[in-house]
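Colleague: Sequence:
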Amino acid sequence: KIIFKKRILRATCNEPDLHYPRAYTCTNTLDLPNYSSLSILKQKVLHAIKFGKEFNAIPP
Numbered sequence: 001k002i003i004f005k006k007r008i009l010r011a012t013c014n015e016p017d018l019h020y021p022r023a024y025t026c027t028n029t030l031d032l033p034n035y036s037s038l039s040i041l042k043q044k045v046l047h048a049i050k051f052g053k054e055f056n057a058i059p060p
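Quick note on full-length UniProt numbering: the sequence shown kicks off at 1 and runs consecutively.
There could be a bad hint or two in this list.
Stated by the list, open to error - Below 20 Å or equal to it, Euclidean Cα-Cα: the simulated EDC-like pairs (lysine to aspartate or glutamate) are:
#1 K42 <-> D17
#2 K44 <-> E15
#3 K5 <-> E15
#4 K6 <-> D31
#5 K44 <-> D17
#6 K42 <-> E15
#7 K5 <-> D31
#8 K50 <-> D31
#9 K50 <-> D17
#10 K44 <-> D31
FYI, nobody ran anything at the bench for these hints, they're computed from the structure.
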């Protein structure tokens, strides 16, 4: 039986709405800025998922 543990951390930054979430696959951690609204959270997460290659999130 394989158990996956995930952690979600709140990133600290001066202007969180200008930043994207960061994923650390080696530790199953998602680092989320403290966005000002759920709609911005949704927009940033979906954008990061869709354009992950362009953010160099996936090694060449």
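Colleague: Each hint: holds or not?
Modeller: Hint check results:
no.: 1; hint: K42 <-> D17; in the structure: holds, 11 Å
no.: 2; hint: K44 <-> E15; in the structure: holds, 14 Å
no.: 3; hint: K5 <-> E15; in the structure: violated, 29 Å
no.: 4; hint: K6 <-> D31; in the structure: holds, 11 Å
no.: 5; hint: K44 <-> D17; in the structure: holds, 9 Å
no.: 6; hint: K42 <-> E15; in the structure: holds, 17 Å
no.: 7; hint: K5 <-> D31; in the structure: holds, 15 Å
no.: 8; hint: K50 <-> D31; in the structure: holds, 17 Å
no.: 9; hint: K50 <-> D17; in the structure: holds, 18 Å
no.: 10; hint: K44 <-> D31; in the structure: holds, 12 Å
The structure does not agree with numbered hint 3 stated previously, though it agrees with all others.
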